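Next come the chains, spelled out residue by residue.
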Amino acid sequence: MTSMQPLWWFALPVLLLPLWWHLQKRERTRTEPLATARFLPAAAPRQQRVPRLVELLLLLIRLLLLVVLLAWLAVLAMPWKRDTVFIASSLNDEPWTVQQIHAAGMDGAAREPLPADVWTWLARNEHAWHPSARLLIVARDLPMPALPPRLAHTITLRTSAPAAAQRASAAPAPHERHVVVATAPQRLPRWQALFAAFSTAGEGANRYIIADTPTSTTELIVWDRPETQPPSSWQAPLWWRTTAAPASGPASGPASTFQPFIAQPALFTSAPSQQGLIWSAAQWPLTDAPAARALYEHWQRQSRSWPAYALPASIQTLPAQRKSPLPATIANSPEWLAIALLALFTIERILAHVRRR
Amino acid sequence: MLETSALVTHAADLELVIRHVLAGLGHGIHAGRERGAGVEFSEYRAYAPGDEWRRVDWKLLARADRYYVREAERDSHVGVWLWLDATASMAEPSRRVPGLDKFWFARTALACVAAIAQRQGDAFGLVVCTDGRIDFTPASRGPRQLQRVLAALQRAKPSGVLPDAEILRANLHFARSQSMVFAATDALDWPSPLSEALIRLRHMRHDVRLLALRTEAEVTAHLASGHAYRDPEMASGLHSFDRDSRDAYSAALGAHFSAVRTDARRHDVPLCEAQIEQPLGEVLRAWLRNPR
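Chains as they are written, first to last, in our numbering: chain A, 1 to 357; chain B, 1 to 292.
Bound-form chain B, shown alone (with noise of 0.2 Å):
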């Protein structure tokens, strides 16, 4: 079987990458209620490419001359909202596997998250903070919306820094139903306002999910020393890395994220730490593993 990271990196098709991890994948994250399609009868639609052909109603082409899709009543309430994190930082790249980054790593696990909320019929919208703004796809379900979410995923580029806590509250209107919430992001800036407004969703009872990605080098602190690195979020400044200080760096990079963790479980926010080389497919699992 192929490795997943090597996969990410290759496949320009991002559905290629899904149908891969999701076979390796059991089916479903929640207990969904619906029974089939055409159960209960809605409404009629205009058929779109990707609808099943046995949902098409061959009585009504016949009468009409056009396909028509026979729409079910859906028993799923559940919304599910896909939060990326596009900032300059997230374009970390791995230093073992050429080609790979945090940015791809994250985009490949929502779009997994989004085919697994179209298959279950749920409503899935994105959010991705990217260059101090918030491109906001609204949710909605079905094939054409996967479509949407995975080419709004393939838009994105990791550039600039977060937006603002104003920005952000006054965008979080969309969470008026219960939903899950699938954020991925490198948590470097912690506390921030994406912390902040995950946090204050799920004071709102909303099923938020955590996703922080490291890259291997990070962990282990095996960074090239004699270079001088800077932050890409931050415009000045230069850091040195040598033998001496890579124990502070492991030290303070170890304190901060058990700072993450400390302030995740007091707000009751499941925290699923991931490193990129990882095979997204373990990943995922470890993401939508029911924590309760």
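Next up, chain A with everything else stripped away, as it sits in the complex (with noise of 0.2 Å):
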């Protein structure tokens, strides 16, 4: 429940008044004074049995006209949220963080994990937010937005490495990188000590698991079998392909350098294609060592992203710097409720002005 709308089907029992009104007013048509009625026989009052088709038609829209004027409601948005703390999520029950929390005295604030990416999740559902609501994020580090955020609400930023966090950043645990190797078993455990050898090149950073099949978290296959085709079904960002060695050329020496291996168009090709983006080389550097590291840093040049820039770790106060939010994206597409509601509305008063005729 992004709001509390909702609330709105509580005052569903407002239908009862139609349904009340329809039977006072059936009692109240059934007689008609008569000054000489005294010299009539008495009967007794009896319910008028036959309902007249405008009427009911007439109640069914109004009750229908009440319904969907609540569903119109219950979709509407309205700010109604207060005071709250954005915090992340590695900063929960923090004591760096309540200390936040309450040196920008928003104890009973409340709370609410920090979205992903702040800047724009807020622009887009700051609308909830009552106009006087004071927003405060604490994080450790926020990316900086390229343009300063737009915002109808003042917020407050708490942005610090906190001591306990940056023990734990001192020792980050290794990010691991999913591989397929599709080789003969005989050359599997080259691959294996390769793959071994860039996990201590990164001082650990990275942690090389090797499968045999590959997942959506694969980044790499390596297809060293020459001779046949992998299946099409296989996707990843990169593949390593091992090409049948060419004819001549100083292939079978081993390259000194890498430099000179990715320089050398015949011996390392480099072409995108349907599966991913394919390296092709006829001899992959499994036994040279600067080969090896040679290739290893073109690949990380190559797969690498760069951490963006961090905020200043300060506390800081963006002033709001619009009027009013902008406009919420109603959800349940309240246009055929409006349209619906109007030709409700007209149909009721068109049958109540041929009731009364």
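If you're looking for bench data, these hints aren't it; they were derived computationally from the structure.
Treat the numbers as computed from the prediction; the structure is a model and nothing was measured.
Partner residues aside, some chain B positions facing chain A, computed with beta carbon under 8 Å:
no. : residue
1   : Glu92
2   : Ser245
3   : His256
Which residues of chain A face chain B? A partial, calculated answer using Cβ under 7 Å:
no. : residue
4   : Thr31
5   : Glu32
6   : Leu34
7   : Ala35
8   : Ala37
9   : Arg38
10  : Phe39
11  : Leu40
12  : Pro41
13  : Ala42
Glycine included, each C-beta is placed from N, C-alpha and C at the ideal position.
Put the two chains together into one complex, using the hints given.
Next up, the structure:
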């Protein structure tokens, strides 16, 4: 539930009102005053058993009108959230977090987890907050947006690297990277040794896990069977494929460094394909340490994503840049509800007029 | 000529209806002994709108710079009492002419009688029996009194039931000198405190004229069947009307009115029965005609 609007459904007993009026009206229209009625035989009060079609239709339309009105109100967004603290998930229950919230004077504020892309998320969902609500973001570090965020609320940022968090960041968990190696059984130990060397090369930052079949997390597929083609269902961002050995050339001789290896088109080619980027080589540097290092560095340069520049660790306040938040995107397509409301209202008026005539 | 029932329905101005009705009517109810204004001087009185200009004393105007009217000694000592039954049953509408009901008819007829009385120089007063009480307008003469009576008639609304016999008896003190009593009612409550009071007045040698109003639907018993009807003067109780009960209905109604007729004849009260769809002028002439 993203808003309290579903509370409107508690107004459903309003439907009893038209029902009650309808019953009242039936009772009232039954009798007619007549001065000489005393000269007529007495009759027992009887319910009028034949309800008029127009009245029933009118009652139904009125009930429907109320239901549609409630439905329309129930999806209508209104600012209802108050002061809120956004806390990064890694900082939950940290004493530093509690201290920062207390220092900001927002002990009683609601707490929500910090969304991933906080600035975009806030711009889209800001309409749910009351105009006077204060927003506080407590995080270790926040990516600095390219442009200052233009929001309708004043936002306080408290970013810092707490001591405990710093200690934890000193020895971060190694990043797991999944690799699929398809090769001849006698060459598999060499590949394993190569990726073990890669694991130690990055100061333990990466740990390479070798599997037989690719999954969605697989980053690299090594296809070391030059005589066969890989299955077409295999997908990966990067492929290393062994091509058949060229008839001539210095390929048989071990390359002294990797630089000439990747600089020679006859030995190493890079081409995009349907299944991913394919690096092809006749012979992979499985035994040549400098070439393997050059290959590793070349690969790391290609695949590495640079971390975003973090906001400086401090307390800052971003003042409101606009008067009203961006318009809400209302769920459940209320456009047809509004049209239905209008149509029902028109029909109700017409029927009421018809009944009066 | 415009039909009177439609005129009564649509004219908000009672005076207009009176002028229209009385234009086709002769002068006078009885032989007044008045021989014209100012024969026997009695007093000066301040001019009031509606007074005739020829009765203004111009010499006195030159002296006092104010309008005074010479009041003459009146010979007519006949008081006229207008008696309106304004109970809820008088709101019974005509089922043929839309907008017309018994109350409007009775009120207009009494207004015409008041206008005739004013023309003849008679003193006239109004008694309205409504909602268990009596609204009393004391008798007086002149155009102002006519305006007062017309205003009281306009104010009255049909509601409630007749006042008790005690209330009526306590209010009969007005009729000391000999007078004419014009009572307009639907005579559905008979005998009733109203009928007793009228008969008592008759025994006190007053000239009582009774107008019993009915609607065409009542006389012909042409009511819409299938409806449930209720008596406006009774809180509860429903009545039904269908083809089988039509004969019984007209028989009961006929028996009631023949009892009323018999009672009136026994006490020497001239009874004029009328339907409200009839032209008002005819009804008035029949009502005012000297029965003897």
